[in-house]
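Chains as they are written, first to last, in the working numbering: chain F, 1 to 138; chain H, 1 to 138; chain G, 1 to 138.
Treat the hints with care, since some could be wrong.
Unchecked claim - Label-pair ranges, simulated between beta-carbon atoms:
{"id": "1", "chain 1": "H", "residue 1": "TRP61", "chain 2": "G", "residue 2": "ILE21", "range": "27 to 35 Å"}
{"id": "2", "chain 1": "H", "residue 1": "LYS57", "chain 2": "F", "residue 2": "GLY17", "range": "46 to 54 Å"}
{"id": "3", "chain 1": "F", "residue 1": "THR29", "chain 2": "H", "residue 2": "ASN53", "range": "43 to 51 Å"}
{"id": "4", "chain 1": "G", "residue 1": "GLY17", "chain 2": "F", "residue 2": "TRP61", "range": "42 to 50 Å"}
{"id": "5", "chain 1": "F", "residue 1": "TRP61", "chain 2": "G", "residue 2": "ILE21", "range": "35 to 43 Å"}
{"id": "6", "chain 1": "G", "residue 1": "GLN2", "chain 2": "H", "residue 2": "TRP61", "range": "37 to 45 Å"}
Said to hold, decoys possible - Below 30 Å or equal to it, Euclidean Cα-Cα: the simulated BS3-like pairs (lysine-lysine) are:
{"id": "7", "chain 1": "H", "residue 1": "LYS104", "chain 2": "G", "residue 2": "LYS46"}
{"id": "8", "chain 1": "H", "residue 1": "LYS82", "chain 2": "G", "residue 2": "LYS16"}
{"id": "9", "chain 1": "H", "residue 1": "LYS63", "chain 2": "H", "residue 2": "LYS82"}
{"id": "10", "chain 1": "G", "residue 1": "LYS63", "chain 2": "H", "residue 2": "LYS122"}
{"id": "11", "chain 1": "F", "residue 1": "LYS95", "chain 2": "H", "residue 2": "LYS104"}
{"id": "12", "chain 1": "G", "residue 1": "LYS46", "chain 2": "H", "residue 2": "LYS57"}
{"id": "13", "chain 1": "F", "residue 1": "LYS95", "chain 2": "G", "residue 2": "LYS57"}
{"id": "14", "chain 1": "F", "residue 1": "LYS7", "chain 2": "G", "residue 2": "LYS122"}
{"id": "15", "chain 1": "G", "residue 1": "LYS63", "chain 2": "H", "residue 2": "LYS104"}
{"id": "16", "chain 1": "H", "residue 1": "LYS16", "chain 2": "F", "residue 2": "LYS63"}
{"id": "17", "chain 1": "H", "residue 1": "LYS122", "chain 2": "H", "residue 2": "LYS5"}
{"id": "18", "chain 1": "F", "residue 1": "LYS95", "chain 2": "G", "residue 2": "LYS7"}
{"id": "19", "chain 1": "F", "residue 1": "LYS82", "chain 2": "F", "residue 2": "LYS16"}
{"id": "20", "chain 1": "F", "residue 1": "LYS55", "chain 2": "G", "residue 2": "LYS95"}
{"id": "21", "chain 1": "H", "residue 1": "LYS46", "chain 2": "F", "residue 2": "LYS104"}
{"id": "22", "chain 1": "G", "residue 1": "LYS126", "chain 2": "G", "residue 2": "LYS58"}
{"id": "23", "chain 1": "F", "residue 1": "LYS63", "chain 2": "G", "residue 2": "LYS56"}
{"id": "24", "chain 1": "H", "residue 1": "LYS95", "chain 2": "F", "residue 2": "LYS16"}
{"id": "25", "chain 1": "G", "residue 1": "LYS95", "chain 2": "H", "residue 2": "LYS46"}
{"id": "26", "chain 1": "H", "residue 1": "LYS32", "chain 2": "H", "residue 2": "LYS126"}
{"id": "27", "chain 1": "H", "residue 1": "LYS63", "chain 2": "G", "residue 2": "LYS63"}
{"id": "28", "chain 1": "F", "residue 1": "LYS58", "chain 2": "H", "residue 2": "LYS57"}
{"id": "29", "chain 1": "H", "residue 1": "LYS16", "chain 2": "H", "residue 2": "LYS32"}
{"id": "30", "chain 1": "G", "residue 1": "LYS7", "chain 2": "F", "residue 2": "LYS46"}
{"id": "31", "chain 1": "G", "residue 1": "LYS16", "chain 2": "H", "residue 2": "LYS56"}
{"id": "32", "chain 1": "G", "residue 1": "LYS95", "chain 2": "H", "residue 2": "LYS16"}
{"id": "33", "chain 1": "G", "residue 1": "LYS126", "chain 2": "H", "residue 2": "LYS58"}
{"id": "34", "chain 1": "G", "residue 1": "LYS58", "chain 2": "F", "residue 2": "LYS46"}
{"id": "35", "chain 1": "G", "residue 1": "LYS26", "chain 2": "G", "residue 2": "LYS95"}
{"id": "36", "chain 1": "G", "residue 1": "LYS122", "chain 2": "H", "residue 2": "LYS7"}
{"id": "37", "chain 1": "H", "residue 1": "LYS57", "chain 2": "G", "residue 2": "LYS95"}
{"id": "38", "chain 1": "F", "residue 1": "LYS126", "chain 2": "F", "residue 2": "LYS26"}
{"id": "39", "chain 1": "F", "residue 1": "LYS63", "chain 2": "H", "residue 2": "LYS46"}
{"id": "40", "chain 1": "F", "residue 1": "LYS82", "chain 2": "H", "residue 2": "LYS122"}
What the hints contain is simulated information worked out from the structure, not anything from laboratory work.
For every residue, glycine included, the Cβ atom is placed at its ideal position computed from N, Cα and C.
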Amino acid sequence: MQYRKSKNAFLIRLMKGEEIISSLTKFLTAQKISSAYFSGIGAVQKATLGFYNLKKKKYIWRKFSECEVVSLIGNVSLLNGKPFIHAHLVISDNKYSCYGGHLKDAVIGATLEIVLKKLSGKAERKFDREIGLNLLDL
Amino acid sequence: MQYRKSKNAFLIRLMKGEEIISSLTKFLTAQKISSAYFSGIGAVQKATLGFYNLKKKKYIWRKFSECEVVSLIGNVSLLNGKPFIHAHLVISDNKYSCYGGHLKDAVIGATLEIVLKKLSGKAERKFDREIGLNLLDL
Amino acid sequence: MQYRKSKNAFLIRLMKGEEIISSLTKFLTAQKISSAYFSGIGAVQKATLGFYNLKKKKYIWRKFSECEVVSLIGNVSLLNGKPFIHAHLVISDNKYSCYGGHLKDAVIGATLEIVLKKLSGKAERKFDREIGLNLLDL
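Full structure from sequences and hints, please.
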């Protein structure tokens, strides 16, 4: 990972082979960032996307490979006192068709370019029994 | 709706069952926000998306249900002196396929997490006869 | 193109018939913007999208017409001292199906509404031999 700080924004480049969630979480911990939002574009070698079945309260996962990242949108909050990333990904394959879902993990292809903006204060998540997910508790 | 203000940004959570456009418009009116932009992720129980036929100058609508919101991008301006939301939505179904279009309305599923940033000054829309839509008049 | 400056952000409207990359590049040059990020929504009459084949180190292009722009995400950096746009586009057709990829060029349909935020300092790109692309060098 390479990055450049610009006031409250970070321009971040993830390198080929890096995994998004673990790399970003490490970065957030080191920078002590507890509330932020980000967007990005690039490409992935592999990605695991989730569709949440609200009735069954569980994710169904599917793996994809060799795709452009046409949209990465996410936010950062605290879960049990640690930075937690919630992100949704849209990828496109070699037919330009788009697939999307909740981002579980993804390994970078050519590059991933992210702009992350810090938000002041803290935002926390708590487990919501009705929904079955850790949701923002604002 | 829950929200937390952070300087000129708002972190917003829409709750299960809330309708996006009406809830956000109510919020914008209460906060006296006349110019802003936002992005978000989450899920919808229902959504109505539009494709604009430029030759016929009319939208064609289609309803979708039970999808992830993989990308919500929009802006806020004034139309006839009132906050007006223009947003496009990308949703993904349980096959991870993406569908997109102009957001008419949508009812939240598990959650919807939005970051909205105020812009200083005013941005207004006016009806454009050639296009047939209320467009930004900057 | 019309635009309105709001501190470090620009609200930009591209008009029917304008080409995105050339119009934005001209704007960035005139405004002396060397580092920024942006997002947008609207519609295109035509767009050329690329899928990068990392093994062959080349883009495969495909042309699309008459689509909504459901997500435009990009950034601005310097390449050889000049503003360079890297953007990925997601479009949806009259069946609401989404197509995405690296944005080569696109001609605006009804409108394109962009919010562009300047980043302080400089971000530069350099050619990366392993990847075969001009990547951020932070």
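Against the structure, the hints:
1. TRP61/H with ILE21/G: 27 to 35 Å: holds, 31 Å
2. LYS57/H with GLY17/F: 46 to 54 Å: holds, 49 Å
3. THR29/F with ASN53/H: 43 to 51 Å: holds, 49 Å
4. GLY17/G with TRP61/F: 42 to 50 Å: holds, 44 Å
5. TRP61/F with ILE21/G: 35 to 43 Å: Distance hint for TRP61/F, ILE21/G holds at roughly 36 Å.
6. GLN2/G with TRP61/H: 37 to 45 Å: For GLN2/G and TRP61/H the Cβ distance comes to about 28 Å; the hint is violated.
7. LYS104/H with LYS46/G: Holds, because 24 Å separates the two Cα atoms, which is no more than 30 Å.
8. LYS82/H with LYS16/G: With a Cα-Cα distance of about 26 Å, the restraint between LYS82/H and LYS16/G holds, given a limit of 30 Å.
9. LYS63/H with LYS82/H: Holds, at about 27 Å.
10. LYS63/G with LYS122/H: violated, 37 Å
11. LYS95/F with LYS104/H: It holds: about 29 Å lies between the C-alpha atoms, which stays within 30 Å.
12. LYS46/G with LYS57/H: The given pair, whose Cα atoms are some 18 Å apart, holds under the 30 Å limit.
13. LYS95/F with LYS57/G: With a Cα-Cα distance of about 17 Å, the restraint between LYS95/F and LYS57/G holds, given a limit of 30 Å.
14. LYS7/F with LYS122/G: holds, 13 Å
15. LYS63/G with LYS104/H: holds, 28 Å
16. LYS16/H with LYS63/F: holds, 28 Å
17. LYS122/H with LYS5/H: Holds. LYS122/H to LYS5/H sits at ~20 Å (cutoff 30 Å).
18. LYS95/F with LYS7/G: violated, 40 Å
19. LYS82/F with LYS16/F: Cα-Cα ~26 Å, so holds.
20. LYS55/F with LYS95/G: holds, 28 Å
21. LYS46/H with LYS104/F: Distance ~24 Å between LYS46/H and LYS104/F Cα, so the pair holds.
22. LYS126/G with LYS58/G: holds, 17 Å
23. LYS63/F with LYS56/G: holds, 23 Å
24. LYS95/H with LYS16/F: holds, 27 Å
25. LYS95/G with LYS46/H: Roughly 17 Å separates the two Cα atoms, so the pair holds.
26. LYS32/H with LYS126/H: Distance ~20 Å between LYS32/H and LYS126/H Cα, so the pair holds.
27. LYS63/H with LYS63/G: Roughly 28 Å between the alpha carbons, so the hint for LYS63/H and LYS63/G holds.
28. LYS58/F with LYS57/H: violated, 42 Å
29. LYS16/H with LYS32/H: holds, 25 Å
30. LYS7/G with LYS46/F: violated, 39 Å
31. LYS16/G with LYS56/H: The given pair, whose Cα atoms are some 16 Å apart, holds under the 30 Å limit.
32. LYS95/G with LYS16/H: Holds. LYS95/G to LYS16/H sits at ~27 Å (cutoff 30 Å).
33. LYS126/G with LYS58/H: Given that 30 Å is the threshold and the Cα spacing comes to 45 Å, the pair is violated.
34. LYS58/G with LYS46/F: holds, 19 Å
35. LYS26/G with LYS95/G: violated, 34 Å
36. LYS122/G with LYS7/H: holds, 25 Å
37. LYS57/H with LYS95/G: holds, 17 Å
38. LYS126/F with LYS26/F: holds, 21 Å
39. LYS63/F with LYS46/H: The given pair, whose Cα atoms are some 26 Å apart, holds under the 30 Å limit.
40. LYS82/F with LYS122/H: Status violated; Cα separation ~38 Å.
Violated hints, listed in ascending order, are 6, 10, 18, 28, 30, 33, 35 and 40; each of the other numbered hints is respected by the structure.
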